[in-house]
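Colleague: Below, each chain spelled out in residue letters.
There are 2 protein chains.
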Amino acid sequence: MGQPADNLVKNAVGRYVPEKVNGKTVIPYQGVGRYKPEGQKHAPAIPSYADYPSNGDKRVSSLKEALEKAGISDGMTISTHHHFRNGDVLANQLFDAIYELGVKNLVWFPSASFPCHEHLIRYLEDGTIDHIEGSMNGPLGKYTSEGKMKGTGVLRSHGGRYQAVQDGEVKIDIAVIGAGCADPFGNSSGLYGPSASGLLGFALADSQYADKVIVATDNMVEFPCIPWQIQGNYVDYTVEMDQIGIPEKIVSGTTRITRSPDRLLLAEMTADFCEATGILRDGFSFQSGAGGTSLAAAEFFAGKMREKGIKARFARGGSNKYLVNMLEEGLVEYILDGQTFDLEGIRSMRDNPNHVWTSPFTSYNYHGKGNFAGMVDVVILGATEVDVHFNANVVTHSDGYLLHGIGGWQNCLFSKTVILPVPLFRDRIPVVKDAVTTLCGPGELIDVVVTERGIAINPRRTDLIEKARHSRLPVKNIEELKEEAEKICGKPSAPELEDELVAAIKWVDGTVIDAVRKVKV
Amino acid sequence: MGQPADNLVKNAVGRYVPEKVNGKTVIPYQGVGRYKPEGQKHAPAIPSYADYPSNGDKRVSSLKEALEKAGISDGMTISTHHHFRNGDVLANQLFDAIYELGVKNLVWFPSASFPCHEHLIRYLEDGTIDHIEGSMNGPLGKYTSEGKMKGTGVLRSHGGRYQAVQDGEVKIDIAVIGAGCADPFGNSSGLYGPSASGLLGFALADSQYADKVIVATDNMVEFPCIPWQIQGNYVDYTVEMDQIGIPEKIVSGTTRITRSPDRLLLAEMTADFCEATGILRDGFSFQSGAGGTSLAAAEFFAGKMREKGIKARFARGGSNKYLVNMLEEGLVEYILDGQTFDLEGIRSMRDNPNHVWTSPFTSYNYHGKGNFAGMVDVVILGATEVDVHFNANVVTHSDGYLLHGIGGWQNCLFSKTVILPVPLFRDRIPVVKDAVTTLCGPGELIDVVVTERGIAINPRRTDLIEKARHSRLPVKNIEELKEEAEKICGKPSAPELEDELVAAIKWVDGTVIDAVRKVKV
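So the protein lines, in turn, are chains B and P. For the first sequence, position 334 matches number 334 in this note's numbering, and the numbering has no gaps at all. Every position in the second sequence, counted from 1, becomes a number in this note's numbering once 1000 is added.
No wet-lab data here; the hints were simulated from the structure. Even for Gly, the Cβ is constructed at its ideal location relative to N, Cα and C. Errors might be hidden in some of the hints.
[Unchecked claim] Computed far set for chain B versus chain P, every beta-carbon distance over 12 Å:
| hint | residue |
| --- | --- |
| 1 | I121 |
| 2 | D399 |
| 3 | K476 |
[Unchecked claim] Ranges of calculated distance between the beta carbons of each label pair, as one might list FRET restraints:
| hint | chain 1 | residue 1 | chain 2 | residue 2 | range |
| --- | --- | --- | --- | --- | --- |
| 4 | B | D126 | P | Q1030 | 45 to 55 Å |
| 5 | P | G1039 | B | R256 | 50 to 60 Å |
| 6 | B | N92 | P | G1023 | 16 to 26 Å |
[Unchecked claim] Reference listing, derived: stretches of chain B covered by chain P, where coverage requires no fewer than 3 residues with Cβ under 8 Å from a Cβ of chain P:
| hint | stretch |
| --- | --- |
| 7 | 20-29 |
| 8 | 49-57 |
| 9 | 234-245 |
Put together the whole structure using the sequences plus the hints.
Modeller: Structure (structure tokens):
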């Protein structure tokens, strides 16, 4: 259903966005750094020690009991997090319990959703869940894109999610936090246990600002659960469960670098670019995701660093065995980790004090007194589409289907240099286009697009253009890249979309940067 | 000056307390767990990343410049913390700078004050500081007790200070945090550097809730300052200074157990009591302060634990070399540390993951969803006076002088068993009396008073009375103890006090449990 395309306004990047989303007034995107929040952070009710068990034991017998004690009722916003990734059993159990309680019209506010949450489509169908505010990957994205979700989806970056909760834009009634280990008081972490996920940082805002907080674990330990990532002092109820996650789907035992020659080429070109332009210098910092190309780029970095005898001050980002190797080899002094992707990452985070936990608050929150993203020298990100103004899309495919979340992507755009290594086309559909289907990141923040047929540098980055001029890098104009793509694939046709809006895309400051339309089916 | 004793009301422990303190309405103490806060936590203004340097470098050239940028003006509340204890150089420099700026009528809100802050009396005299909200140890206590401070002092426990800031009862305009090390972004810790103090937990509330936060350090390190105890995302300005603390006065190189036979006897009796009543069992937990008797009690615990082959699950509290020895010997599984008293404590906190940082939020905040204090099996505390109803005083001497802060004392009263080992008299003045000069802790929370001439158990603790009955412990009625004291010292005369109020004593929930009167001089 989504919502009709009424009362649209043109925002600062020329996109038509709704004035209201799910009946609530929203602010159209006004440009980078233009919208200044007024007002106060969300102020949770003041609790009293007298209302909690003085021995610190907050255990209740089941998730259902915890939900009832927390006063679950129709229309509430229920939050979960995505640390279990595609091995999340808890969120599905949660909504099974809610369904049994007969509660309706909920807003589900996950930090991300995964294909395993296809199970929840039944609850979108029967009115248990009105809509999802969070990424809609895979089946839920398809469901949403086809206009089947009752309310309108809202997609936020990891930092934007923290911002929305902190600012009271989203008021969480009940947060359910799944933890690899926890104590009866609610101190919890993702470092130990069968459902160990590494970090619990995506649940930080939920713990701090939700009305009621439930911690569920399949590994209850005696107080104190050390080290705690979530503080029990924010927790109302704790629940011991048989299973909350599927270990092999939470973290992969083996992260693999891409073997695709095309993607390896992109990664190598990216590293060459960083070398030629002096970004790769002693004491630099970088962030690269867990995707195949990004992983490969980090490996090329490692090679160059060894060669030059330099090291990085820190690497930000999702950790994995390659990054851990760099830390242990001394190529990187610190990993500032936001999400742990494999078992080696968890081991390192557990044992190495230089493998540091971070959170969306420290790294990404735009409504903080600064954050870490801007301190990173270079970040390597993916995109589904880029346009000739360097605007980029990360949530929809060229056919209009909403199949990815934003993750930390928007937040990382504040890095000193943002590089998108992307293939010039995918399945014979150009990636570099006149206009992106959905605009997630404004071109002024995207510095370099690396394709297998050339590297385009944003004209705003005269410094990089100057440095690249003296290199052998295949620098091209972004229009040239687009034309090359069209020469090979033909002019791409626009996706077939209805007027109806199925989702809004928030910018890091809570404004609406674009809207996603229903796909014609 | 303080304030006239007008409009007093009798509170739930029979003390007459003012309806207003410094012109602001306050709530009289209503009994343990009786006062339930309504309303919301303090909500700071929402900042924007756009207003902070994108490279994360928040350095300004001087403390004065930071204060000016933070908009310091008359009547503001300026907070500091007491991690530097009697080696604090920063707070004195701070008010020197404020004096130079000509700002008046400030409220100084330290987490505690020390004799070194005698320097600030000039600023109390000249109207730079109107009054102090925080402990007034030594010279500042004398100054206050003699009615010389313009406004009325307000004393809070460590947990009460967190509560007051969290609840907006005290709104901090500018917080100044001194850190052993910090990076230009404001991430900071007390673990390294010449002014290393161990922990910075007392500044946590200030960082989270103050309008403007300044971090000062004499040891600026490159980003990231790892591990951070204060998060730079809460910090507005950072300042590099020549010296902020005097190392040998911040932490002692050598903590010493009392050699006084009287105090050793009290410590041994305390440990014997815990053994006889079964408190000292495998997996138990305890907290004992850094005072001589408390340290000695912990040593007697250690001896008994070795003998019995048992260990403690955790020890709470200020850490010192004795506690660190217990941790390293395996007698204690975890130290949950709130304040580090010596160099061995800092070393252990730095290197041993089982030496865990805590804060007034985790351990003491009464307006949290529980806290750690209630989970501690036994706590050993001091007192200046105890009455026959087990009410105790920790802030004034029997002559009425306000010479001590509350520290964590009130918060620790929520432990499962509270023991006060105190001499029956000091300087021929009875410690056990008909009524305490200042009531800081209600008798219902105090379980045992251990004196060299007998142990009194609170009649409410029938379980302990029953257990002690079968022991050789010299259990007596508290009236008997009082009479013995009076037999030796004579009936103590009440301190000579004026009507005028010089300070209010807050309970852990923000209500006023007692008032301190001006001493006749």
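Colleague: Hint numbers the structure violates, sorted upward?
Modeller: Numbers 6, 7 - these are the hints that the structure violates, sorted from lowest upward.
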